[in-house]
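K.L.:
Listed below are the residues making up each chain.
2 protein chains.
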Amino acid sequence: MQATTTRLDEVCINTLRTLAMDAVQLANSGHPGTPMGAATIAYVLWTRFLRHNPGNPKWTDRDRFVLSPGHASILLYSLLHLTGYGLTLEDLKSFRQWGSRTPGHPEYGHTPGVELTTGPLGAGFSTGVGFAIAERFLANQFNRPGHTIVDHHVYGIVSDGDMMEGVSSEAASLAGNLGLGKLIYLYDDNGITIEGTTEKTFTERVGDRFDAYGWHVQRVDGNNVEEISQSLERAKAEESRPSLIIARTEIAHGSPHLQGSAAAHGAPLGEEEVRLTKQALGWPEEPSFYVPEEALQEFRKALGHGHSLEQEWDERFARYRAEFGDEARLFTTVMSRELPPGWDRSIPDFAGETRPMATRVASGRVLNGVIDGLPTLIGGSADLAPSTETYLRDRGDLGFDQWNGHNLHFGVREHAMGNIVNGMALHGGVTAYGGTFLVFSDYMRPAIRLAALEQAHSLFVFTHDSIGLGQDGPTHQPIEHLAALRAIPGLTVLRPADAHETAACWRLAIERDGPSAIVLTRQALPILDDGARIREGVPRGAYVIAEADGGSPDVILLATGSEVSLSLAARDILEARGVHTRVVSMPSWEVFEEQPPEYRDSVLPPSIRARLAIEAALPMGWRTYTGDGGDIVGLDHFGASAPGEVLFEKFGFTPEVVAARAEAVAARSAGE
Amino acid sequence: MQATTTRLDEVCINTLRTLAMDAVQLANSGHPGTPMGAATIAYVLWTRFLRHNPGNPKWTDRDRFVLSPGHASILLYSLLHLTGYGLTLEDLKSFRQWGSRTPGHPEYGHTPGVELTTGPLGAGFSTGVGFAIAERFLANQFNRPGHTIVDHHVYGIVSDGDMMEGVSSEAASLAGNLGLGKLIYLYDDNGITIEGTTEKTFTERVGDRFDAYGWHVQRVDGNNVEEISQSLERAKAEESRPSLIIARTEIAHGSPHLQGSAAAHGAPLGEEEVRLTKQALGWPEEPSFYVPEEALQEFRKALGHGHSLEQEWDERFARYRAEFGDEARLFTTVMSRELPPGWDRSIPDFAGETRPMATRVASGRVLNGVIDGLPTLIGGSADLAPSTETYLRDRGDLGFDQWNGHNLHFGVREHAMGNIVNGMALHGGVTAYGGTFLVFSDYMRPAIRLAALEQAHSLFVFTHDSIGLGQDGPTHQPIEHLAALRAIPGLTVLRPADAHETAACWRLAIERDGPSAIVLTRQALPILDDGARIREGVPRGAYVIAEADGGSPDVILLATGSEVSLSLAARDILEARGVHTRVVSMPSWEVFEEQPPEYRDSVLPPSIRARLAIEAALPMGWRTYTGDGGDIVGLDHFGASAPGEVLFEKFGFTPEVVAARAEAVAARSAGE
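As you go down the protein sequences, you meet chains A and B in turn.
Take the first sequence: its position 54, counted from the start at 1, is 54 in this note's numbering, and no numbers get skipped.
When you read off a place in the second sequence, starting at 1, and then add 672, the result is the number in this note's numbering.
Careful, some of the hints might be misleading.
To be verified - Lysine-lysine pairs mimicking PhoX-like chemistry, simulated, CA-CA at most 25 Å apart: (1) A:K200 x A:K58; (2) B:K973 x B:K908; (3) A:K93 x A:K301; (4) B:K765 x A:K650; (5) B:K730 x B:K908; (6) B:K1322 x A:K93.
Keep in mind the hints are simulated off the structure, nothing from the lab.
As the structure is a computational prediction, the values presented were derived from the model and not from experiment.
From just these sequences and the hints, can you work out the full model?
P.N.:
What follows is the structure, encoded as structure tokens:
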């Protein structure tokens, strides 16, 4: 079966297998089976196809590699070590230990050469689609006749588990629709999952499914170097369809007792089986972590080869720069993850606007303005563009064979949208966003969490942010979603109160590192009149939007989004009754928490314990700001189907109710 | 094209179309296009195939109907009105209004005849798979030769949007694997989504995809009554594969200007277009909500027919009862959503156990015990059964053509698992559970929310509940998930502290209405010695597990799960230092909140402000219990890849650190 595999090939492949066994055994934790089974496809891909430069893991035009079964991390770490990314054998020996560069699953930003964080299944598959979209988009934006500066492939290894996850189906359907010819996935079809053989639960014909999505599908023996090699050649030659190469493999290949067994999935093979496997592979039992010199030499060719590749590209880019100076400058800027100078010049300032405006509408105007200064802005919605106001007018639609647009139609595929936005953000060169209703942030929550883990600059636009959306009812009305998003470490949640705040929140989201969620209303909100104060206040996370008469508050109202204007109306009632009321607009808890204590204490003076938070959402977490002396006007139940105004009234979000609750808080505080 | 459609058919179909137009127009909100386009398929299904009894919407052996595009709710409400479910024309006229029985999307428990809540796309599709599994399981459990008491179909209408959602792909793949021949979906293939035609983003060959899943696929003209009818006959005849009937339709069928247009998706047609459409359909312009007598008569035949169907079934069941008394009694009990007498007799009490045990292991023992008293227990895991301990040993695997088991293999399909569990729970007759790692609750969050909205008795088992899982690292370590689950209104979150609490939490989850999430450790935990106190305490949500020496606490430690034994260890240190320490175990916030104030105050006396909450998770929400005077030992950042013990130590979850923090809290409180 392996007639076409040379002895050197075998040595290299077995180096990957034995490193995996040894590392998992030493850690006494991990997943040896997949690395052993997928060693041949990984070897062929990394030594014969992947255009990368281990000497510069950040080389702009490198091919991107996706290891979707992140539990096979040791395979990737071994490849990074062997090809010369500076990961040492010592790093492999500290696999899965505190402080090591080789954690249980590959983590973006933690290990050089790791392009994305994987582990949650389907994430790699779908994030890779984002890489491939970014590549096509940038190629269209920057390449010029005779000057190809963006031209790379996205290669990946994907697993049975990835294929079962719905997010992969979503991403695969979209990738087929978009004709992403430079996306090439090797499917490690080992027929084994944790609960046993895939026969138990996964008998679909995967190849036919992908054919139906519009993919180019091939089937190969995953242990045959030449077959794999030829299939990769054919996949590269197929430029108008993404490729799936179904490589039949065996989990724990080479292990006398565990090859083909689910037992090899997520546990060390055991000392004895490691020994027997090495025997079977014709490998010395000692030392462990043995890397034959000839294998190392073969893998390390990547260093020289990569250096040449990058040098050639540098020369290409120099010629490009000579002819297209502006484009080259912009390209360098965006690929360095910097914002173009003056990027913000066309953010609308909403000066002179007086008519109430939904923050989703204001957001749409910001997006349609800012693209002038951010020419690599790209985004879209999960089939809700007219509702989420995420469409970039007159900027064209991205689609099959048509890459001169900025609007992506993700389809009703929220989860894939999340990972694709992450992929575009991680790829670099673009400013990427994706939008849906806030309630459907649930569908993409795994993607949002990954963005936070990776600190990807993903911009998530969530509209229809409360019961204020009205008649669609409780299935569409977010209640717990603000709390649930604020709960994700490293995610910035922004809920602007009017058009001015919306512009300021967008600026903040674009300027900050890491992902942001911008949470917007469906319904119109009054324009708060002090644009200048707002522009100063929003970047602090929370600020005094209306001071108490006389400057000494009896009570502080804290609110976000649509409840800020409600609170201002309540303040009018309160002041008329002689209750001096400060209103604090708090578009972002996370940003407020970053401010120095003096600033925070100036907004929420510790001495003023009469505080009322108002948010048409679950009260969870507000107690931190209201304290024991305060109170919260929130919602601890689902909504209902009725016009938004009716719901606000029925559920107690009226100036009168807020004023009464504030008075009670103030009275209690005064009586203490 | 409609040669085989009679005039009466047309009148009936146009009644559905015009009711939809009129109701959306009156509400000035809603989705007229899909109801108009799908009117013919709905008519054929409801008048010629659906075996139901409008006089008794809860008849046990009725066919289940799923409207997966829940935004087409007015179509379902019209059918319920016309066939005689007691929904009136007045109800249709109050569509989408406060307090009406006709909310924007169909809500289970709110409107008679609505079998499940839909709106979030893909939910209906996948929940229906749960219905079909429950039917096959119960048929196998209860039918006897010559006695068929469980024998019904699951019919549904599904939309383009459903087909794009990943959760439908997951559920479809599993349905194909299981050979669910009684599942029949009519795909309303209207080629239109909110952003325009499906060409923009959805060019895959859906039929071929479903064929690859192992479905029986047909294509029909969705306006041709006979074609639809014949395809449904063929679908019923196909007993070993689920059926997809691709019905080509036009959105807003009949509207001169909006037929086939995305503009008809989510907004009223407008007065003028309603008038023109009625003209085009040969319909009187006035009155609105016009129901021709002949149409009403035709639809209302369902009442008499349904009555006969149920009567026949009653007779069949009487004969069954005569011969199989025990089975009949059990069937009646479980179908009434009651627990069999003595159901809890075989919950293990862990008496005499002293060796530390992971709560996941305890949970597995509870499941394997309780099935003796709950013979219709059915469940499984998203390919993590060996890790989640959700396998029912020696109880058989459910699979294609083999229904005499209790274990479902969901595959790596968490989201579909959630909805399938919901479907089984809503179907009734079974106690259904599904398990995965806590971190992957994110994948199934939309399903958990729906369970909460529906108050479905879905039991979710989430293991590997903290950094304690160790080396798999931050992608697998939940941080924010407890907070995010507690944020969902109507969901009970239970995090037991040892084996005793695990048994008590399971009992609670099984006895309560609505969904529960049982959150369990990977790592072993000490057995807390007072089983009796625990069995009494857990049903109160929180209880004093260790009183302060002398009975007068200087400080209260509040903890859940693995942090209870940690807190008890900290208490030992504190007491040794003379700090009198009460430890409160708090397995469920929700259950605790239901207790009378006196009980709550007895556990957390308002006078004792020195309180320290300890939970290896995001602190969000704990401030409610600790108050301003308290403190929280939690995690506001992601975890890391290292052994669990190392992480607990590195992140400050040690008895010493907890004791020090508690002392600080006590000192601050004493100094006030």
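K.L.:
All hints, please: hold or fail.
P.N.:
Hints versus structure:
Taking the CA atoms of K200 of chain A and K58 of chain A, the gap is near 42 Å; set against the 25 Å cutoff, the hint is violated. A hinted pair counts as satisfied when its Cα atoms are at most 25 Å apart, and K973 of chain B with K908 of chain B qualifies at roughly 22 Å. Note on K93 of chain A and K301 of chain A: the hinted pairing holds, with a Cα-Cα distance of about 23 Å set against a maximum of 25 Å. With a C-alpha separation of about 21 Å, the suggested pair K765 of chain B and K650 of chain A falls inside the 25 Å cut-off, and the hint holds.
This hinted pair checks out: K730 of chain B and K908 of chain B have alpha carbons roughly 23 Å apart, not beyond 25 Å. A threshold of 25 Å between alpha carbons decides the hint, and for K1322 of chain B with K93 of chain A the separation of about 21 Å falls inside it, so the pair holds.
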